[in-house]
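Trainee: Sequence:
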Amino acid sequence: MRETASQLGIRCALVWLALLLGCHGLRAAHPTPEPPAGPATTEELIAFVDRAAALLQSKGSAAYGELGREGSEWKHGDTYVFVVDADTHRILFHGHDPSRVGADLTTIHGAEGRAFGHWGVQALAGKRDRAWMFYKRKRPGGGEPTWKATFLRRVPGPAGERYVVGSGVYDLVPDRRFVIELVDMAAERIERDGRAGLALVRDRKGPFVYRDTQVFVIDTKGNVLADPFYPELERKNQIDLKDAAGRPVQRDLVHLIQSEEAGWRTGYLWPRPGGGAPGHKDLYMRRVRVGKQTLGVGSGLFVE
56 MRETASQLGI RCALVWLALL LGCHGLRAAH PTPEPPAGPA TTEELIAFVD
106 RAAALLQSKG SAAYGELGRE GSEWKHGDTY VFVVDADTHR ILFHGHDPSR
156 VGADLTTIHG AEGRAFGHWG VQALAGKRDR AWMFYKRKRP GGGEPTWKAT
206 FLRRVPGPAG ERYVVGSGVY DLVPDRRFVI ELVDMAAERI ERDGRAGLAL
256 VRDRKGPFVY RDTQVFVIDT KGNVLADPFY PELERKNQID LKDAAGRPVQ
306 RDLVHLIQSE EAGWRTGYLW PRPGGGAPGH KDLYMRRVRV GKQTLGVGSG
356 LFVE
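Per my numbering, residue 56 is the first one in the sequence shown, and the count goes up by one each step.
To be clear, the hints were calculated from the coordinates, so they are not data collected in a lab.
Treat each hint with caution, since some may be false.
[To be verified] Under the rule of at most 30 angstroms between Cα atoms (straight-line distance), these lysine-lysine pairs were calculated in the DSS-like manner:
| hint | residue 1 | residue 2 |
| --- | --- | --- |
| 1 | K276 | K191 |
| 2 | K260 | K276 |
| 3 | K347 | K291 |
| 4 | K297 | K260 |
| 5 | K260 | K336 |
| 6 | K347 | K182 |
| 7 | K182 | K260 |
| 8 | K336 | K191 |
[Claimed, not checked] Now the in silico label distances, taken between C-beta atoms and shown as ranges:
| hint | residue 1 | residue 2 | range |
| --- | --- | --- | --- |
| 9 | R232 | Q313 | 47 to 57 angstroms |
| 10 | R250 | G318 | 46 to 56 angstroms |
| 11 | P211 | E99 | 18 to 28 angstroms |
| 12 | R344 | G196 | 22 to 32 angstroms |
| 13 | H164 | A254 | 35 to 45 angstroms |
| 14 | A158 | E121 | 21 to 31 angstroms |
| 15 | V228 | Q313 | 30 to 40 angstroms |
| 16 | G249 | D295 | 41 to 51 angstroms |
Ideal Cβ positions, reconstructed from N, Cα and C, are used throughout, including at glycine.
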């Protein structure tokens with residue numbers, strides 16, 4: 056029995072419908088994988104770079120293919136890894152911009168002219184195998200420059216190479232781990248370079264300022280030796296300095312560095328760098344020795 060044109064049209068429509076439903080079923084059975092989540096906190100960024108360092112230590116330059124694979128853990132969205140020769144400071148691999156390969160890290164500046172590459176190399180010149188760089192850059196997708204915190208690790212390769220591997224997070228929100236990392240890096244620099252390290256701390260566009268977070272230095276007499284956000288406090292004795300609620304901030308911090316290697320003091324009511332009502336701030340401080348002098352290197356965190 057021959058089909059009429061109408062019956063043939065209906066049968067074709069049913070076949071197309073079945074095909075469409077089948078394709079939909081395949082898509083449902085095999086959904087598009089979600090892109091990997093990049094690091095978003097200080098802890099996550101450190102762990103991310105540590106994993107990249109382990110890969111580099113195991114495979115050396117053979118790891119570049121994996122580190123540069125689009126959509127992988129190492130390269131997606133704003134997340135990417137770069138590798139630098141620890142001796143020549145030349146960029147060996149850049150997950151976002153291959154044209155940077157061969158450039159000298161020490162010559163690279165941020166949007167505000169911050170010599171962050173030079174500071175990163177200097178921070179790794181001592182005994183530390185880890186450092187941070189803070190600067191403003193455009194995101195890979197463009198737009199206005201925004202703050203970026205980049206974590207660096209120095210790591211040996213499988214054939215004796217010396218690498219520095221790094222990655223960063225745009226607009227990283229400071230937390231307690233971040234403050235400790237910042238203070239420890241500044242403390243090592245001051246112990247190593249002495250008074251020259253204090254000059255770096257004083258620089259508002261220097262290596263120890265990120266967004267509204269800075270490093271400050273005091274001595275055991277209560278003198279403020281360096282503070283880029285509150286320079287009016289410097290070179291004066293501030294032993295009687297109190298917070299907005301009348302708490303003796305400076306005496307608390309002097310007691311801390313006299314009695315502990317490092318620690319937190321919490322709950323101070325302190326003016327924000329941008330003005331406005333004072334906010335609650337926790338302070339972290341580490342004791343260092345410069346010659347025969349005991350100093351305290353500190354930073355703080357506004358908490359809501």
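Trainee: If a hint holds in the structure, say so; if it doesn't, say that too.
Mentor: These are the hints, each one checked on the structure:
Between K276 and K191 the alpha-carbon distance is near 36 angstroms, which puts this suggested pair outside the 30 angstroms criterion. Between K260 and K276 the CA atoms are separated by roughly 28 angstroms; this keeps the pair inside 30 angstroms, and the hint holds. For the suggested pair K347 and K291, the alpha carbons sit about 20 angstroms apart, so the restraint of at most 30 angstroms is met. Between K297 and K260 the alpha-carbon distance is near 27 angstroms, which keeps this suggested pair within the 30 angstroms criterion.
The straight-line distance between the Cα atoms of K260 and K336 is roughly 22 angstroms, inside the 30 angstroms bound, and the hint therefore holds. Pair hint K347 plus K182 holds up; C-alpha atoms about 21 angstroms apart against a cutoff of 30 angstroms. Between K182 and K260 the CA atoms are separated by roughly 24 angstroms; this keeps the pair inside 30 angstroms, and the hint holds. Taking the CA atoms of K336 and K191, the gap is near 25 angstroms; set against the 30 angstroms cutoff, the hint holds.
Between R232 and Q313 the C-beta distance comes to about 25 angstroms, which lies outside the given range of 47 to 57 angstroms. Distance hint check for R250 and G318: the Cβ-Cβ separation is about 25 angstroms, which falls outside the suggested range of 46 to 56 angstroms. Restraint check, P211 to E99: a C-beta distance of roughly 24 angstroms satisfies the suggested window 18 to 28 angstroms. A C-beta distance of roughly 46 angstroms is found between R344 and G196, which places it outside the suggested range of 22 to 32 angstroms.
At about 19 angstroms, the CB distance of H164 to A254 disagrees with the hint of 35 to 45 angstroms. Between A158 and E121, the C-beta spacing of about 22 angstroms keeps the proposed range 21 to 31 angstroms intact. Taking the beta carbon of each, V228 and Q313 are about 32 angstroms apart, inside 30 to 40 angstroms as hinted. Checking the proposed 41 to 51 angstroms range against G249 and D295 shows it is violated: the Cβ atoms sit about 28 angstroms from each other.
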